[in-house]
Amino acid sequence: MAYFLFFLLSVVCVAAVLGMIISKNQAYSALFVILAFTCTGGFFALLDAPFIAVIQIIIYAGAIMVLFIFVIMMVDVHKGIAPEKKKWTPVFASGIAVVLLIELIIALKMAFNPLNTSSSQTIGNPSDLGHLLFTKYLYPFEITSILIITALVGAIILVKKKEKE
Amino acid sequence: MIPLSYFIILSLVLFVLGIIAFFIRKDLITQFLSVEIMLNAANLAFITFSKSASALDGQIIVFFVITVAAAEVAIGLAIILLIYRQKKSIKTEDIKSMKG
Numbered sequence: 001m002a003y004f005l006f007f008l009l010s011v012v013c014v015a016a017v018l019g020m021i022i023s024k025n026q027a028y029s030a031l032f033v034i035l036a037f038t039c040t041g042g043f044f045a046l047l048d049a050p051f052i053a054v055i056q057i058i059i060y061a062g063a064i065m066v067l068f069i070f071v072i073m074m075v076d077v078h079k080g081i082a083p084e085k086k087k088w089t090p091v092f093a094s095g096i097a098v099v100l101l102i103e104l105i106i107a108l109k110m111a112f113n114p115l116n117t118s119s120s121q122t123i124g125n126p127s128d129l130g131h132l133l134f135t136k137y138l139y140p141f142e143i144t145s146i147l148i149i150t151a152l153v154g155a156i157i158l159v160k161k162k163e164k165e
Numbered sequence: 001m002i003p004l005s006y007f008i009i010l011s012l013v014l015f016v017l018g019i020i021a022f023f024i025r026k027d028l029i030t031q032f033l034s035v036e037i038m039l040n041a042a043n044l045a046f047i048t049f050s051k052s053a054s055a056l057d058g059q060i061i062v063f064f065v066i067t068v069a070a071a072e073v074a075i076g077l078a079i080i081l082l083i084y085r086q087k088k089s090i091k092t093e094d095i096k097s098m099k100g
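Protein chains in written order, with my numbering: chain L, 1 to 165; chain R, 1 to 100.
Take these hints with a grain of salt, some might be off.
[To be verified] Chain L side only, calculated, beta carbon under 8 Å to chain R, not exhaustive: (1) Val-17; (2) Ile-21; (3) Leu-46; (4) Pro-90; (5) Met-110; (6) Phe-112; (7) Gly-124.
[Claimed, not checked] Below, in silico cross-link-like pairs of lysine-lysine (BS3-like), each with a Cα-Cα straight-line distance of 25 Å or less: (8) Lys-24(L) with Lys-87(R); (9) Lys-161(L) with Lys-88(R); (10) Lys-91(R) with Lys-87(L); (11) Lys-24(L) with Lys-87(L); (12) Lys-96(R) with Lys-161(L); (13) Lys-91(R) with Lys-24(L); (14) Lys-162(L) with Lys-87(R).
[To be verified] Stretch by stretch, here's where chain R covers chain L in the computed footprint (C-beta under 8 Å, at least three residues): (15) 57-68; (16) 97-109.
Simulated from the structure, these hints should not be mistaken for lab results.
Built from N, CA and C at the ideal position, the CB exists for glycine as well.
Just chain L, same shape as in the assembly:
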């Protein structure tokens, strides 16, 4: 059952990312990425991280992608689509990327063997996560809140139109 879920989710995820690359309309690209992020949430749930899975779906697939779709609505989509001038660029990028993938897999091959001896005990209990977040990682947590506030104020100030115009 878990194998079936994993392969179904991975096929859907990779297909969604490919669809995002291929589709010419940015709104469709954003919708494909929402699908891919939801599948990633499914992987997190398979890996004993239910809290992170829920956060992934609510914040990533919900909030962040809504921001993207708002901006896609604001800009003119048809002007954003670039005509393909150089045909060799996608081929070259794909070739280099496949080389990079093989290289990464070879580099991480040593790490694969100790990975498979994992215990089957469940981790990722939300109460444990919250406890760790407010004891060991308290300072990073507070700094993150300052970062969020700064980003919010910065985004508003950047986009706000000047009074004179």
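Starting from the known structure of chain L, fit chain R onto it as the hints suggest.
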């Protein structure tokens, strides 16, 4: 139990697909989306190693990565809107001049 190496290979594939998308697509919004896909691949690797080590720290780091990504998206989309107001375009090849 699914072997954890499958998850690592999947995260590598997603990362490389993000890189391909970043180089093939020529508009800022889709390039930004592909950066998000690369962040997600890194998150998947973090969660996998956290599962392998039976430690929660990887999940905490993913929590921070998600919040930082939210802040990054807010700022980045604001910058994209500013570029669109100035240049009336979000193609990367239209953005050539500095101090535009």
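Earlier hints that do not hold, by number: Per hint list: single violation, 5.
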